[in-house]
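Asker: Sequence lines, in order, name chains A and B.
So the first sequence is residues 1 to 448, counted in the working numbering.
So the second sequence is residues 1 to 253, counted in the working numbering.
The hints are simulated quantities; they were obtained by calculation from the structure and are not laboratory data.
Remember, it's a predicted structure, so these values are computed and weren't measured experimentally.
We put the beta carbon where it would ideally sit given N, CA and C, even for glycine.
A couple of the hints might just be wrong.
[Stated by the list, open to error] Mimicking SDA-like on lysine to any residue, the simulated pairs with C-alpha atoms at most 25 Å apart in a straight line are: (1) B:Lys141 <-> A:Thr445; (2) A:Lys371 <-> A:Thr445; (3) B:Lys141 <-> A:Lys81; (4) B:Lys141 <-> A:Lys50; (5) B:Lys141 <-> A:Leu29; (6) A:Lys81 <-> A:Thr56; (7) B:Lys110 <-> A:Glu429; (8) A:Lys290 <-> A:Thr365; (9) B:Lys16 <-> A:Asp395; (10) B:Lys232 <-> B:Ser195; (11) B:Lys141 <-> A:Gln114; (12) B:Lys141 <-> A:Asp393; (13) B:Lys141 <-> A:Lys23; (14) B:Lys7 <-> B:Gly177; (15) B:Lys141 <-> A:Arg436; (16) B:Lys110 <-> A:Leu29; (17) B:Lys110 <-> A:Ala440; (18) B:Lys141 <-> A:Asp424; (19) B:Lys232 <-> B:Gly177; (20) A:Lys50 <-> A:Lys81; (21) B:Lys16 <-> A:Glu394; (22) B:Lys110 <-> A:Thr445; (23) B:Lys141 <-> A:Arg47; (24) B:Lys167 <-> B:Glu237; (25) B:Lys110 <-> A:Ala441; (26) B:Lys110 <-> A:Arg407; (27) B:Lys141 <-> B:Pro116; (28) B:Lys124 <-> A:Asp347; (29) B:Lys141 <-> A:Glu367.
[Said to hold, decoys possible] Just so you have them, the derived chain B footprint on chain A, three or more residues with Cβ under 8 Å: (30) 308–321; (31) 333–345.
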Amino acid sequence: MSGELTPTHSPQGTGASFIEQVKQAQPALAPVAHPWLACFRAEGMERFAKAGLPTTRNEAWKFTSLRGLDKLTLSPAPDAKSVPVDAIPTALEAPGPRLVFIGGQFRADLSRTQGLPDGVLLDALSAQMATDPQGLADRMEGLLARFPGADHPMRSLNAAFLADGALLHVPAGVKLAQPVELVFLAPPGVAAAWHPRLLVLVEDGAEATIVEHHAGQPGAAYLSNIAADVAVGTGARLHHYKIQREGTDAFHIATLNTHLADASTYDTFVLNLGARLARHEARQVLGGEKIEARVSGAYAIGGDQVSDITTLIDHAKPNCTSREVVKGVIDGKARGVFQGKIIVRPDAQKTDGYQLNRALLLSETSEINSKPELEIYADDVKCSHGATAGELDEDQMFYLRARGVPRDVARVMLIGAFLDEAMDEIIDEQVRAYFRAAAAAWMGTERA
Amino acid sequence: MSLIEIKNLHASVDGKAILKGVDLTINAGEVHAIMGPNGAGKSTLSYVLAGREGYEITEGSVTFDGQDLLALEVEERAAAGLFLAFQYPVEIPGVTNATFLKEALNAIRKTRGESPLDAMQFLKLIRAKAKDLSMTDEMIKRAVNVGFSGGEKKRNEALQMAVLQPKLAILDETDSGLDIDALKIVAEGVNKLRSPERGMLVITHYQRLLDYIVPDVVHVLANGRIQKTGGKELALELEAKGYAEFGISDAAA
């Protein structure tokens, strides 16, 4: 039995030149003094040099080729301190706490961390490296210990370039009234690579909401390679939403590891709209009993975009529920990838798992690769999954038009209704409305 | 002036001729019924008039309110005032009745050069019309036809007609799947819309509906053509004799 999304890689797949490039780019980073953190970087480099980039010969990457990534400039973005920013995306009506990163670099002047309850730590990793490297190292070590053997070449690459990112630590019993927004923007016209790290600790009985924004402009071939480590404590609740609107020449790769303890709730949703290639790879370890995990997402893509949502829901203990709804709209020559694996380990009796994957193909040349995978080792479980792909319903189109609704509007109504079924999974109403509006805006530009 | 003038209309599906020279004229203020056996081309006629894809017009013309109807897109026909009440209303999950009807009405108003209704004005209108059809607010908020019973779906068609106020309403087998109570409600809704400016074409297999929506003219459609035209008494005659006179055994119906 394997809990890995990505088994060990062989380096022969990707050119040694890429690994050379990576090695050359690394010294451009500011050095870290703390031995554990320095070691973390060095080990990341070592592991990546061994593994190389995943190739399509690897089962977990069969549908998503990183070809083209090896042609990117991998040096870090130039100093982002003076990059002008005209608008910072927000899903919220009232300004709340947020961290803003430009080209992977923290911008304190654009961020807000005041007003949080006592004991809550929200800060940039670069700031923590300077002020409390030991505390940071301890937290990271504690987080990583929850995911033994979770090796992944893109996480190794991320580790090799550890320089900045976000840390949110919510102590036991504390409930954050406002969502925390984490905003990652690409500096316009910069071809570079950044590797933000996201560390989230929500301790026993605590509650928080995170909204990640990832955005950029077309015209720059950059790589945003995020790695996240998330731990949700006993009885704690975390709502974790992400909207990805990277520039259409960019690569966006996110690998998330989330550990859930007894009776916790994890409600996560990803909306993929941007990037030339976006892979959102999320692994949820249900490490306790009576956990409720909601792992859903949607995407709307066109042109020659690729959107890959790959998830692993790992039921290790009894009496847990997981629910996953992923829907996508694919136009032009774009391609959607969904790989959804659910493991129910021998101990995980009374597991209730539900998975639905649906794709709406808007053109003859659009494509969906869907791979639902159920590995069930317990005998008293309820697991269902379904996958469909289809076109817009002609009868529905005719009905709407026969009442006077113009073809374009009818199309948008039906696409919106299709995506709404996924968006309904988002518990937070503000975020749901914001994501819906973003999808509607996508439909507006697709129509133009 | 006639509201709609269908001349020598031929239409085929997948190369098979279904309509073989239909001639039919309806004036404003008139209610016409088309009766006919299964397979006569009744539904084809309604779909061809509404503009559904998949039908090839091989001959003939349709003039609607002075316009060449066949040259118009589906939504342009609706905007011009043509309304088809579907035999099988389509379910649209995720789109509420209210949203759907508001889009439709405002699109039609735009073509007419009228300003769009805002949410409040629209709600007031739809509530009043729904009440006439014994429809609840809850039904307006529900997704289009999703979870509706057969009768509710047909009432929903009547509601749309009442909101959109077409010049010509085509009712395609509106009685199918309705019990007598539902039929009465729908017929009442349709009768309310009878006016000197509006024409109606009621397509039905059975005479029953015509007890409630009494036509001015009755046509018999069989073998893709209008075979006979008469007054409302023709419907009763057909009910008694069947369609055998037109060379078709109705035993299968």
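Asker: What hints, given by number in increasing order, does this structure fail?
Answerer: 1, 2, 3, 4, 5, 6, 7, 8, 11, 13, 14, 16, 20, 23, 24, 28, 29, 30, 31
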